[in-house]
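Engineer: So the chains spell out like this:
There are 2 protein chains.
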Amino acid sequence: MAKSVLVIGGGPAGLSAARALGRLGVPTILVEKDGQLGGNPIKNHYHTLIPRKLKPSQVIGPYIKEVESNPNIKVLLNTELTACEGEAGSFKVTLSNGEKHEVGAIIVATGFEHFDPRRKGELGYGLYPDVITNLELERMFSQEGRLYRPSNGQLPKRVAFVFCVGSRDRQLGVTNVHCCRYGCALSGLQGMEIREHYPDVDVFCYYMDVRTYGTWEYPFYWAPQEKYGVRYVRGRIAEITYSPADGRLRVKHEDTIVQRPSEVPMDLVVLVLGMEPSPGTKKVAKILGLAQDPDSQFLIPSDESGSNIISNKPGIFIAGACKGPIDIESSFSEGEAAAAEAAAFIGAKVTV
Amino acid sequence: MAKSVLVIGGGPAGLSAARALGRLGVPTILVEKDGQLGGNPIKNHYHTLIPRKLKPSQVIGPYIKEVESNPNIKVLLNTELTACEGEAGSFKVTLSNGEKHEVGAIIVATGFEHFDPRRKGELGYGLYPDVITNLELERMFSQEGRLYRPSNGQLPKRVAFVFCVGSRDRQLGVTNVHCCRYGCALSGLQGMEIREHYPDVDVFCYYMDVRTYGTWEYPFYWAPQEKYGVRYVRGRIAEITYSPADGRLRVKHEDTIVQRPSEVPMDLVVLVLGMEPSPGTKKVAKILGLAQDPDSQFLIPSDESGSNIISNKPGIFIAGACKGPIDIESSFSEGEAAAAEAAAFIGAKVTV
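If you read the sequences in order, they're chains A and B. Under numbering that gives the first Met the number 0, think of the first position of the first sequence as 0, with each following residue one higher. Under numbering that gives the first Met the number 0, think of the first position of the second sequence as 0, with each following residue one higher.
Think of the hints as simulated: they come from the structure by calculation, not from any bench. It is possible that some hints are incorrect.
It does not matter which identical chain is meant; a pair holds if it fits inside one copy or across any two.
In silico lysine-lysine, BS3-like type, Cα no more than 30 Å apart, as pairs [stated by the list, open to error]:
1. Lys42 - Lys52
2. Lys73 - Lys251
3. Lys348 - Lys91
4. Lys226 - Lys281
Modelling step: build the complete structure from the supplied sequences, incorporating the hints.
Structural biologist: This is the structure:
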């Protein structure tokens, strides 16, 4: 039995797994394909995280710091898994930097990527500058500190959030049937942030179902409406067009409550992007022989365990958004859970 | 620093925490107020678990077996925490059986209880025998193996699921604003089970929003409708009455899509129960000084950490449904994550 663990992916789940292993004293190798740790929230400059409205630097920063400074953890940036031979207890892995290691267990935390809205041409992304993604809105807040229309730099009067772009969408085929799970709550938060700083800006959320599940109901569904005046409209958007006459966008939809088509002017449209398995997730699945959902291609756990971090391959554990949409806090928990599983798997025993 | 850990609660989160600690060799005390381990799924005879359609015995059984047989874990049934003095690293705890222990860390996994539907008198529970809860439907499936109307033992022709009973309900005050998180998916599953075994029984789901979030969208939203013919009706139920003329129930609601009141006959009505913090959760919060949400009374994590299993008290970790509605798989992960945190907190170092 080899006595070290390989963690693949340096986002929230992978950081959490590596941190927990390092704390316990398990020799750990963390590989991250990008040049920095932190995953999507850091790379994409998220502004404020749901549900506790903390900044990525507050939430993920301490994990990065601890992982980088723990001598039990070897961090390899710009590095990917390229091959794996052997079996549980003695995986012989080859990395893209040429290194070879023998590890007893592997934790896969290769995450997700956001849906490319150009695949929904009718929404006008890439065509009209005032159609932006919710990622771009996060960057506007976090990097530029103000809200504006890209077309003219002015404050918009009316902002629309279009939910479920690349999610729950069977027009895209079987790959994008799943729900993104974070979009309703994040849009509620972004809507509140807009209304807090720009009380004269009207904010509209176009939804199919509002999925602020569990304890997110008050803070991200009622508070946006009652404390900040964000307006919710039930309806799927058919098309977004541009009117040269007034330089504004037009949002065309059928209101599924009043059941009639509607076309309303907007100054800024924010597309709420779905989540798909990252290229790294698909690649690692092939190398390691991990089971994937035939439709979404997300990793799926073993049929035989009640725990969803146990993969179909003994000694390989799966954590975070490589298995489907998940919030950051749950990714942290799954990373630590995978660390506990991996430590037990390699036969680690503590001295207390 | 005391070198053992106290786990409070023997449901999925507590079992998972104790199992992980025991595997690593950390001396662990698990207290459970009831006479058996397994929590609500075992006590209430759940039939099939979402999302992977496994039986509680398959999912939770192996955890119970391992916890009971691991010599590092002392299981105390019919036992509660009654007092705690000292501080992190040296908590001096008193149990209801009179035992006193010194532990270095505490994991709280005291769970939830289901909403009492008698608090919604207009739904007729306790008054009409054919108004049952989704827990009673689970027991009907798991213990009796057949579907019937309690009033006459006959197979119902029309079954209605009423979503959000005790959830998302501001008529109940601030305590029940949150969403139960499991109800939409479980009802989809129960609807499919009915239609699979009794294809002539019509099944209707009355919903506000269908919250089959993340990867639950196809298996618990589309499959019930398309593969099993379960019908979804958007609308909140105003009242359930009984018609002596035909011996059937009447479900009165406003359809919020066609926007008109409606009254339809049903033979069996299933109330989809919300989740509230268990009495044990509220009690332990008081004893340990844990922060609670002022509205729902669920435990809330520390403001200062990005991890939601870190409580406001150093050395005390919180996992599973004591913090709000959560699925069983995530409870397992949180339990293991709390174990990893607690092991690190007491300074456990592994020998590999």
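Engineer: For the identical chains here, do lysine 73 and lysine 251 meet the 30 Å Cα criterion within one copy, between copies, both, or neither?
Structural biologist: Answer is neither; intra-copy 52 Å and inter-copy 63 Å both fail.
Engineer: Checking lysine 348 and lysine 91: alpha-carbon separation at most 30 Å within a copy, between copies, both or neither?
Structural biologist: Both ways: lysine 348 and lysine 91 sit 23 Å apart in one copy and 26 Å across, limit 30 Å.
Engineer: Between the shortest in-copy and the shortest cross-copy C-alpha distance, which are at most 30 Å for lysine 42 and lysine 52: within, between, both, or neither?
Structural biologist: Result: close within a single copy only, 18 Å intra versus 37 Å inter.
Engineer: Between the shortest in-copy and the shortest cross-copy C-alpha distance, which are at most 30 Å for lysine 226 and lysine 281: within, between, both, or neither?
Structural biologist: Only across copies: lysine 226 and lysine 281 sit 29 Å apart there, 42 Å inside one copy, limit 30 Å.
Hint compliance for this structure: hint 2 alone is broken.
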